[in-house]
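2 protein chains.
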Amino acid sequence: MKALNETHLCIIGTGLMGSSLALALRGKVRHLHGIDPDPSATPHFDTFSDALHSLYNADVIVLATPIRTILELLPQVGELAADGALITDLGSVKAPIMAAMAALPPRVQAVGGHPMCGKELSGASAADPRLYEGCTYVLCATERTSQAALNFMEKLVRAIGAQPLHLTPSAHDQAVAQVSHLPYLLSVALMLSAAEADDERLWQLAASGFRDMSRLASSDVTMMGDVVTSNRAALLSALERYAEQLAKLQALLSADDEAALRTKLERARLARQAWLDYRERWKA
Amino acid sequence: MKALNETHLCIIGTGLMGSSLALALRGKVRHLHGIDPDPSATPHFDTFSDALHSLYNADVIVLATPIRTILELLPQVGELAADGALITDLGSVKAPIMAAMAALPPRVQAVGGHPMCGKELSGASAADPRLYEGCTYVLCATERTSQAALNFMEKLVRAIGAQPLHLTPSAHDQAVAQVSHLPYLLSVALMLSAAEADDERLWQLAASGFRDMSRLASSDVTMMGDVVTSNRAALLSALERYAEQLAKLQALLSADDEAALRTKLERARLARQAWLDYRERWKA
Chain S
154 MKALNETHLC IIGTGLMGSS LALALRGKVR HLHGIDPDPS ATPHFDTFSD ALHSLYNADV
214 IVLATPIRTI LELLPQVGEL AADGALITDL GSVKAPIMAA MAALPPRVQA VGGHPMCGKE
274 LSGASAADPR LYEGCTYVLC ATERTSQAAL NFMEKLVRAI GAQPLHLTPS AHDQAVAQVS
334 HLPYLLSVAL MLSAAEADDE RLWQLAASGF RDMSRLASSD VTMMGDVVTS NRAALLSALE
394 RYAEQLAKLQ ALLSADDEAA LRTKLERARL ARQAWLDYRE RWKA
Chain A
154 MKALNETHLC IIGTGLMGSS LALALRGKVR HLHGIDPDPS ATPHFDTFSD ALHSLYNADV
214 IVLATPIRTI LELLPQVGEL AADGALITDL GSVKAPIMAA MAALPPRVQA VGGHPMCGKE
274 LSGASAADPR LYEGCTYVLC ATERTSQAAL NFMEKLVRAI GAQPLHLTPS AHDQAVAQVS
334 HLPYLLSVAL MLSAAEADDE RLWQLAASGF RDMSRLASSD VTMMGDVVTS NRAALLSALE
394 RYAEQLAKLQ ALLSADDEAA LRTKLERARL ARQAWLDYRE RWKA
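In order, the protein sequences belong to chains S and A. Residues 154 to 437 (the numbering used here) make up the first sequence, in order. Residues 154 to 437 (the numbering used here) make up the second sequence, in order.
Isolated chain S (complex conformation) (with noise of 0.2 Å):
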């Protein structure tokens, strides 16, 4: 592997994770190449093109679009691409793309990537070159998956001010199921409820704490109904662990059993408390 600073480097994607991923490798790689049909993200990068074969030069590839477009575009990928080319990706849900990712040609490496950043705002426009900055960015080895390619990988994840972390694909999938994919769809059930209540002092009442928990609910919907689809299993248990906890809070409220639920309710704010002091001394 070449070093960061020598690599060609191209994108394919260039909505918010892609744009934003350019904005912050700049300066920091050789060329940067963007690969989207839709040209609006040309500024961000040094040559742009809406055709897959420009990809045929570049050192390192990133797939940056939603994840059933990546498992389409990969087979694609690994025969356009130059002997010894790394190509990774921003995807979601790793158990399927590591499994497309393990068929690529030997002549290719591989790494399967998901940075834990993002917002529910899309497209190049959203583009912001800090995103990265912080978040954990979790790193998937295939079988055959050269240590050289996994150092580089790492040195581009710091190079963006992102912690690496290497996971299973399953360890990945059960863990974003839980922290990521059930709090987008427990964001979009509060707004459902919402809208089917068709009561107009709803919104004039709705405050921060209603904007907050609805705020998922503004995502990008081929994004996050591939993200949904693509984790169908872990996302269903977490669904039904949610469930359960719910229906203790209710069945305690319905009891009125209230030294019971004051319980509960301090528990949940002495964790939050534990996940906010963890999170300090991991990112430190």
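Each hint should be verified, as a subset may be incorrect.
The list treats identical chains as one, so a pair stands whether inside a single copy or across any two.
As the list claims (entries may be wrong) - In the EDC-like style, the derived pairs of lysine to aspartate or glutamate whose C-alpha atoms are separated by at most 16 Å in a straight line are:
#, residue 1, residue 2
1, K436, E353
2, K272, D373
3, K401, E349
4, K272, D365
5, K181, E397
Rather than coming from a laboratory, the hints here were simulated on the basis of the structure.
Knowing the structure of chain S, use the given hints to seat chain A on it.
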């Protein structure tokens, strides 16, 4: 009623909400008196005491304690208040408080209030003079609330940058169950289900989505315990409607009915956009 800038105003309970109100009213009333057993908010007021009877010469008395304490204090405050004094509150559930206000002696006026703002931090140290800016501030009248008292409250609400909205106690309580108390319980359940998984990887991978969806779980438990138990019936209905929405999403995911699932995700996204648009017009 005196003009706002001639008013001696007393705030009972000088945590986040009471202290922020004092900061927001600084220079807009003649005198600010605070009452709290905890003296930490003293610098935010002209005078401060831990004795309830020190409210005796106030023109306006604001109860800014948790709901249960408001209900306990109201009869005493009604006895101690000067003739013609206006008693108001900041409680998040209006039916029980309006019932207690209706029982106050006829020589005092009473208006229920609920500003739709706050944050998960509590105490005088989190006070913010701009906390009320742009928020909807619900006002509830008793059967014998005078127009003068309502007019005064409208002026006070506008003076701190908020927007008055007149509602009946039950209309208020049903709406806040959906947009405020339900989101709190959803956040608590999310935090509890993540904590029970007891997996360090969750804490490493949890990012901004989880942070926002769990924020309300950090709320003060004394305050929120009072809120959820005081609004039990409306909150149980909201929980039931929410659980139905979540079960529908779960069923579609379980049946792998991707088209119907994407329709739901899109409906939620559009509903949130409609709310954000409505909110901008309503605040303008």
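Results of checking the hints against the structure:
In the homo-oligomer, the alpha carbons of K436 and E353 lie at most 16 Å apart only across protomers (14 Å), although the nearest pairing inside one protomer, at 42 Å, exceeds that limit. Taking CA atoms no more than 16 Å apart as the test, K272 paired with D373 passes inside one copy only; the shortest distance there is 10 Å, against 28 Å between copies. In this assembly of identical chains, K401 and E349 lie within 16 Å of each other by CA distance solely across copies; the values are 13 Å between and 25 Å within a copy. Taking the shortest Cα distances, K272 and D365 sit within 16 Å of each other both inside one copy (12 Å) and across copies (11 Å).
Proximity of K181 and E397 under a CA criterion of 16 Å is satisfied in neither setting, with 48 Å inside one chain copy and 50 Å between copies.
Comparing the model with each earlier hint shows a violation of hint 5 alone; every other hint is respected.
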